[in-house]
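A.B. asks: Use the sequences and the hints to build the structure in full.
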Amino acid sequence: MIFGLEFPPISHVVEWPTLFGSGPFAVNKVVLLMWLSAAASFGIIYLGGRKQQLVPTGVQNVAESTVDFIENGIVMETMGSDGLKFMPFLLTLFMFVLTCNIWEIVPVAQMPVNARIALPAFMAIVVWFIYHVTGIVSQGPIKYFKSATIPPGVPKAILPLVFAIELLGILITRPLSLAVRLFANMLAGHLLLVTFAVLCQALFTSTYVGAVLPFALLVFLTAFEILVAFLQAYIFTILAAVYIGGAMHPEH
Amino acid sequence: MLHFLAQQDPGELEAGLTAVGRGIVYGGAAIGPGIGIGIVVGNAITAMARQPEAAGMVRTTMFLGIAFTEALALFGFVLSFIIAG
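Top line first, the protein sequences correspond to chains A and B. Just so you know, we're using numbering that gives the first Met the number 0 here: the first sequence kicks off at 0 and counts up by one. Just so you know, we're using numbering that gives the first Met the number 0 here: the second sequence kicks off at 0 and counts up by one.
These aren't lab readings, by the way, just hints derived from the structure by calculation. Just so you know, not all the hints are guaranteed correct.
Taking CB as the label site, the calculated pair distances span [unchecked claim]:
1. E13(B) / G209(A): 26 to 36 Å
2. Q52(A) / L71(B): 44 to 54 Å
3. L16(B) / P150(A): 35 to 45 Å
Computed from a predicted structure; not experimentally measured. Beta carbons: idealized from backbone N, C-alpha and C, even for Gly.
C.D. replies: So, in structure tokens, the structure goes:
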């Protein structure tokens with residue numbers, strides 16, 4: 000209760016009742032939205048690639064610009080041309096994270112799937128496995144861990160400290176921050192929208208005209224959340240690309 | 000003061016202090032990253048203005064820098080929810 004405004008507790012904002020199933024296989028709205036976004040990201044790429052026209056229209060336009068964005072904006076900028084073999088993975092990651100995020104502003108759904116930690120944590124673990132396996136395969140296990148934990152040109156005296164920090168970095172901090180960044184951004188955006196929606200509703204029922212200003216801000220914030228959804232999908236993908244690229248090529 | 004506090008419901012005081020603690024955790028965590036992101040973006044804009052042809056590369060690196068800096072504030076944000084009442 001703040002100035003007579005009843006704000007729902009945080010658990011009511013992100014937790015949804017089970018629709019069907021039970022135990023670990025229980026399905027609620029978040030899981031349904033996750034399935035929908037998996038289907039949507041598959042559908043966009045599949046429909047865009049099925050009938051290829053010289054001049055793209057409709058879905059093909061969306062699919063081609065996404066592929067082009069991932070290829071030139073992320074892979075070539077961070078990994079170079081031998082990172083192109085990770086293109087399918089990064090494209091899938093980007094499409095899936097973006098479609099999961101965009102539910103935040105879709106009417107009726109209004110719930111970003113990534114505002115629950117499970118999905119970002121799982122994707123971060125997948126990225127963690129992929130960059131370690133890539134490093135071990137392309138450099139050999141001993142050379143990979145040496146190049147990843149001992150940066151060149153460090154004085155002997157502080158080498159143990161740097162080694163400990165870098166080891167902690169590649170094993171724990173990287174996947175943790177990757178997951179928490181996406182999760183916390185989406186949760187913060189969701190809470191922001193909920194706060195202003197509650198404020199609008201309370202002011203509308205009490206004063207009618209008082210709701211105009213918060214409503215304008217709510218519309219603006221919804222537009223801002225579209226930007227955040229894109230930006231977080233981009234940042235998640237580019238960080239995955241940077242980690243994989245760093246594991247492929249040792250630092251000079 | 001103590002007499003006044005003693006009149007309160009003990010759970011109420013604890014809930015209030017928890018709320019204050021959450022505010023301090025998030026507020027404190029936002030100071031450093033706020034300054035840091037300002038520095039990152041400011042320098043990126045300077046670089047883009049000096050060399051517009053390198054803008055694409057600078058922008059990519061800028062987003063990376065923002066992501067790394069911002070993570071600290073987000074840890075604070077998540078921690079403020081983890082603090083139990």
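A.B. asks: How does the Cβ-Cβ distance of Q52(A) and L71(B) compare with 44 to 54 Å: does it lie in that range?
C.D. replies: Given about 47 Å between the Cβ atoms, the range holds.
A.B. asks: Can you tell me whether the CB distance of L16(B) to P150(A) sits inside 35 to 45 Å?
C.D. replies: Taking Cβ atoms as reference, L16(B) and P150(A) lie about 44 Å apart, which means the hint holds.
A.B. asks: Note whether the CB distance of E13(B) and G209(A) lies within 26 to 36 Å or breaks it.
C.D. replies: Holds, since E13(B) and G209(A) (Cβ atoms, about 34 Å apart) stay within the stated range.
Every hint, counting from the list given before, is met by this structure.
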